[in-house]
Amino acid sequence: MNPIASEFSVVRRARAFTLVEMLVVIAIMSILMTAGAIGLGGMGGKGVSSGVATAESLFDEARATAIGKNMRACVLVAKTLTNNPGDDLRRIIVAVEETETVATNPNFGQAKNPTSATPNWEITSRGAVLPDQTFFSSQLSKKDHEGGSGAIDTVLSTKFVAPVKSSFAGEYYIYVFNSQGICSTPGASFILGSGSRAITKPSSSDPPKVTSASKRDFGGFVVWRNGRTSIFRSPDQMGTAIKTLDAGKPF
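Under the working numbering, the letters of the sequence shown match residues 3 to 253, in that order.
Don't take each hint at face value.
[As the list claims (entries may be wrong)] Below, computed lysine-lysine pairings styled on PhoX-like, alpha-carbon distance capped at 20 Å:
(1) K167 / K48
(2) K71 / K48
(3) K217 / K251
[Claimed, not checked] Quick list of the computed label-pair ranges, beta carbon to beta carbon:
(4) S118 / E63: 18 to 26 Å
(5) A249 / W226: 27 to 35 Å
(6) T120 / W226: 22 to 30 Å
Derived by calculation from the structure, the hints in this document are not laboratory data. We put the beta carbon where it would ideally sit given N, CA and C, even for glycine.
Using the sequences and the accompanying hints, generate a full structural model.
The structure is reproduced here in structure tokens:
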């Protein structure tokens, strides 16, 4: 037998995987995939994931608007819409504080009332509506998430600069950024959940409720002082209250 051919044959056999080795690799991959699935369990279905991504982009828009215009800007989340209850806890819009329009005023083109704690707001975009069966959670979202306290502030559409669409009239939760893009409530959380509610009724009387298929189906983020956001990586990061949300409970 040719010794060279024999040597190459040995090398080829040495480099091949045995059946046992392949089975071990497949077993390890299965374990890792299972662990990954468990680790991501409850971190939001397609609707929640899409909603969180949409909300993050609107928070980025508000921050950029504040810096670009050198005026306060905000993200508004519909709490109760007078003429459009189907969008309660689902419609999100961006606004900037009212601009001075009188040419003779020293503040012309700038913020009309820069020192006011309750300025009027001009809606700058149509914003977005969260996916079906996905809602903002007023119970889980906190002004101080780490401390687990403080409800998110609200504002009425009467503080919006006219004209305001009738479908936008109502009350909103508000997250404010100053003229440098700094969040006025650093550490505030924004949390969404999957559930169901009667869209013909206001959220005040019929809040979204957890369904058996959507238990622990939540997602969201924290808004830091610099206006940037950090996604929650597990349900536990969003608060212990999620663990008690059984089917039928409001969130």
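Just to be sure I understand the hint, the distance between the Cβ atoms of S118 and E63 should be within 18 to 26 Å; is that true here? holds, 23 Å
Do the beta carbons of A249 and W226 sit within 27 to 35 Å of each other? The hint (27 to 35 Å, Cβ to Cβ) holds, given that A249 and W226 are roughly 34 Å apart.
Mind checking the alpha carbons of K217 and K251 for me, to see if they're no more than 20 Å apart? Roughly 10 Å separates the two Cα atoms, so the pair holds.
When you take the CB atoms of T120 and W226, is the distance between them in 22 to 30 Å? holds, 24 Å
When you check the alpha-carbon spacing of K167 and K48, does it fall within 20 Å? violated, 30 Å
Straight-line alpha-carbon gap K71 to K48, limit 20 Å: violated, 35 Å
Hints 1, 2, counting from the list given before, are not met by this structure.
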